[in-house]
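A.B. asks: Sequential numbering from 1 applies to the sequence shown in full-length UniProt numbering.
These are calculated hints, taken from the structure and not from any lab test.
These numbers come from a predicted model, not from an experiment.
You may find that some hints are simply not true.
Below, computed lysine-lysine pairings styled on PhoX-like, alpha-carbon distance capped at 20 Å [as the list claims (entries may be wrong)]:
(1) K416 x K426
(2) K113 x K48
(3) K125 x K148
(4) K113 x K55
(5) K51 x K463
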Amino acid sequence: TRAMTVSDLILLPQVSEAEVVNELSSRYQANDIYTYIGPVLIAVNPYKLIKKNGKSLYDESLIEDFSGREIHENDPHPFAIAESAYSHMINFKANQCILITGESGSGKTETSKHVLQYIANISTKARTRLAVNQSRKLSDDKKHAIDKVVNNVRRILIRANPVLEAFGNAQTVRNNNSSRFGKYMLLQMNPSGQVVGGFVHNYLLEKNRVITQAAGERNFHCFYNLLAGASKADKAEWHLEDATKYAFLQHEQRTIHGVNDRTEFADLGHHMTAVGIADDDQRQIYQQLAAILHLGNVVFVSQVDASHNPCCAIDVVCDLIEDAKMPGIFPLLDEQCAISQTSVDVLMHRFNETYVKEPHFIKSRVKGSVFSVRHYAGVVEYDLSHFAEANIDSFFTELYTELQKSSNAFVRNLLKDERSNKEKLKRPPSTSFQFRAQVNALVQDLNMCNPHYVRCIKPNENKISGSINKQLVTAQVQCLGLVENIRVRRAGFCYRETYATFLHRYKILSRTSWPAVHNCSSLLTAEDVGVLPSLQPVSAQREAEANGQQRPLTPLEVYHMHLAAKNNKPTDGHEVPQPIIRFKEDIESLGCFSLGRNKVFIKHPAALFSLERLRQDKLPQIAKIIEDAWVRRL
Numbered sequence: 001t002r003a004m005t006v007s008d009l010i011l012l013p014q015v016s017e018a019e020v021v022n023e024l025s026s027r028y029q030a031n032d033i034y035t036y037i038g039p040v041l042i043a044v045n046p047y048k049l050i051k052k053n054g055k056s057l058y059d060e061s062l063i064e065d066f067s068g069r070e071i072h073e074n075d076p077h078p079f080a081i082a083e084s085a086y087s088h089m090i091n092f093k094a095n096q097c098i099l100i101t102g103e104s105g106s107g108k109t110e111t112s113k114h115v116l117q118y119i120a121n122i123s124t125k126a127r128t129r130l131a132v133n134q135s136r137k138l139s140d141d142k143k144h145a146i147d148k149v150v151n152n153v154r155r156i157l158i159r160a161n162p163v164l165e166a167f168g169n170a171q172t173v174r175n176n177n178s179s180r181f182g183k184y185m186l187l188q189m190n191p192s193g194q195v196v197g198g199f200v201h202n203y204l205l206e207k208n209r210v211i212t213q214a215a216g217e218r219n220f221h222c223f224y225n226l227l228a229g230a231s232k233a234d235k236a237e238w239h240l241e242d243a244t245k246y247a248f249l250q251h252e253q254r255t256i257h258g259v260n261d262r263t264e265f266a267d268l269g270h271h272m273t274a275v276g277i278a279d280d281d282q283r284q285i286y287q288q289l290a291a292i293l294h295l296g297n298v299v300f301v302s303q304v305d306a307s308h309n310p311c312c313a314i315d316v317v318c319d320l321i322e323d324a325k326m327p328g329i330f331p332l333l334d335e336q337c338a339i340s341q342t343s344v345d346v347l348m349h350r351f352n353e354t355y356v357k358e359p360h361f362i363k364s365r366v367k368g369s370v371f372s373v374r375h376y377a378g379v380v381e382y383d384l385s386h387f388a389e390a391n392i393d394s395f396f397t398e399l400y401t402e403l404q405k406s407s408n409a410f411v412r413n414l415l416k417d418e419r420s421n422k423e424k425l426k427r428p429p430s431t432s433f434q435f436r437a438q439v440n441a442l443v444q445d446l447n448m449c450n451p452h453y454v455r456c457i458k459p460n461e462n463k464i465s466g467s468i469n470k471q472l473v474t475a476q477v478q479c480l481g482l483v484e485n486i487r488v489r490r491a492g493f494c495y496r497e498t499y500a501t502f503l504h505r506y507k508i509l510s511r512t513s514w515p516a517v518h519n520c521s522s523l524l525t526a527e528d529v530g531v532l533p534s535l536q537p538v539s540a541q542r543e544a545e546a547n548g549q550q551r552p553l554t555p556l557e558v559y560h561m562h563l564a565a566k567n568n569k570p571t572d573g574h575e576v577p578q579p580i581i582r583f584k585e586d587i588e589s590l591g592c593f594s595l596g597r598n599k600v601f602i603k604h605p606a607a608l609f610s611l612e613r614l615r616q617d618k619l620p621q622i623a624k625i626i627e628d629a630w631v632r633r634l
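Taking the hints into account, I'd like the entire structure generated from these sequences.
C.D. replies: Set out below in structure tokens:
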């Protein structure tokens with residue numbers, strides 16, 4: 001074990017899987033669970049609450065320590081990533097996204113809570129962080145109204161998470177609070193950086209967990225909360241007994257170490273009230289949960305072979321990434337599901353025939369319903385036995401009709417059939433179709449955002465604090481591509497932008513470029529930074545290549561370069577129009593920055609942060625100049 005560790009893996013003297021794992025292990029043993037790879041945060045699940053100097057790592061009093069500071073100025077922490085995303089949104093007026101990845105039990109849900117906690121808190125103090133305080137122009141009544149909305153949204157965002165977890169999370173063999181659905185939370189901000197709204201998109205809720213769970217696992221938390229926390233009167237009214245009486249709970253009174261279901265039920269009621277669910281609606285929700293438990297005890301005689309335990313259900317196969325060069329597994333599955341009475345043998349034959357040359361598809365050596373897929377994280381085996389059945393995710397029209405006759409108004413409103421007559425005649429969308437549509441929409445949204453990353457790692461399989469299994473961590477380091485990430489970060493550039501956009505943003509920092517570009521000084525500037533000898537126009541470059549010579553730019557050519565950059569649209573990202581100024585090489589190194597054909601490259605984050613800090617310091621001065629000029633005009 002090293003005497004000292006590094007907080008950023010880019011600073012490792014040697015880069016290898018073993019070095020990365022050893023570094024993460026050493027830091028974990030020292031309760032340093034967070035580590036950077038440049039702007040990427042690595043989080044190793046501690047399975048305990050860590051305190052430093054008597055305070056939790058996530059104490060709200062620490063939020064101010066991260067507020068307004070650049071990521072390299074902070075210790076590794078989810079608050080630092082949240083601050084980076086928030087600052088980029090404020091400074092660049094662009095959408096941001098935070099992607100939290102890792103396997104089950106690695107701490108993704110908890111990390112997302114800390115990120116949300118930071119943004120919800122810091123956004124209420126956003127006015128004090130603005131260089132130009134726009135709110136001072138508002139009336140006191142308007143300020144009060146805005147603050148009321150912001151505080152209300154903040155409260156709902158914080159309280160919504162426990163509600164979602166109660167109905168969407170469950171204990172699994174790998175995680176005591178495993179999210180059984182994908183979650184994409186969208187936060188809406190006003191121009192001042194205050195949270196004024198939000199929306200949660202959910203993906204592929206594991207609905208089959210309601211009726212069956214693997215050995216050693218629980219159903220969704222809400223069922224156990226209800227049985228433990230409901231009053232005697234409510235239990236009598238809803239005919240509820242203990243968990244051992246219900247088939248949907250495997251007739252087991254299963255508890256989670258350190259979790260009190262009775263307390264969780266009381267807290268759930270408070271959280272639902274905080275997000276706007278009325279008391280009557282809460283009682284109706286609990287009543288429906290009780291009804292589900294009773295339905296589970298209704299026994300049907302089935303001729304289906306229930307002894308077969310599929311290796312992997314369709315919910316899991318949705319992790320597949322489809323190949324654009326041939327029909328994907330999902331479209332092929334939909335095609336076969338459109339044919340009534342599709343047999344497993346026919347579906348297996350179609351898969352084997354279609355993907356015979358696909359390197360990621362592994363055909364079973366023996367005849368049967370099993371195949372394997374070589375994912376980036378390893379080989380996973382799937383069983384087709386129930387694929388077609390699970391893929392047909394339809395709620396029959398007859399059921400809608402019958403439920404509309406319910407004497408319970410809550411049930412009638414919950415399952416109201418709002419489809420048009422034309423839509424009712426269409427085939428319901430399959431599970432795989434819904435998944436593809438959701439993922440495509442998600443990818444489109446993410447492509448419009450500037451990304452920030454958190455990679456979560458599970459230290460051991462037993463959910464024990466302080467214990468780290470290096471073999472398990474190594475597998476996750478491989479799957480997350482951390483070593484490649486480090487190498488790319490060490491060799492690459494943290495910032496790249498077109499000349500026009502760069503000039504548009506930072507021209508206020510120099511008298512030679514603001515308020516107007518002084519072309520007469522551009523040549524001197526080029527000479528000062530030492531790039532002049534390697535600059536050539538396209539025609540001169542061809543001539544020079546033919547003669548084996550080089551020719552420096554003339555002042556006129558430098559003038560054209562700056563004129564073209566000035567006239568180009570700042571955000572279009574296209575090449576500068578003719579005359580095109582080109583470098584001898586794509587990138588001519590100049591230390592902390594480099595200049596390409598069409599873009600400026602900055603290597604070190606500190607250099608970019610320095611530019612941003614200078615710009616922030618300059619903006620109030622410019623605002624004062626404009627204000628004084630306007631006063632003089634009046």
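A.B. asks: Run every hint past the structure and note whether it holds.
C.D. replies: Against the structure, the hints:
1. Distance restraint check for K416 and K426: the Cα-Cα separation of roughly 18 Å lies within the 20 Å cut-off, and the hinted pair is therefore satisfied.
2. For the suggested pair K113 and K48, the alpha carbons sit about 15 Å apart, so the restraint of at most 20 Å is met.
3. Distance hint between K125 and K148 is fulfilled; the C-alpha atoms sit about 13 Å from each other, no more than 20 Å.
4. Taking the CA atoms of K113 and K55, the gap is about 18 Å. The hint holds against a cut of 20 Å.
5. Distance check on the hinted pair: K51 and K463 sit about 19 Å apart at the alpha-carbon level, within 20 Å; holds.
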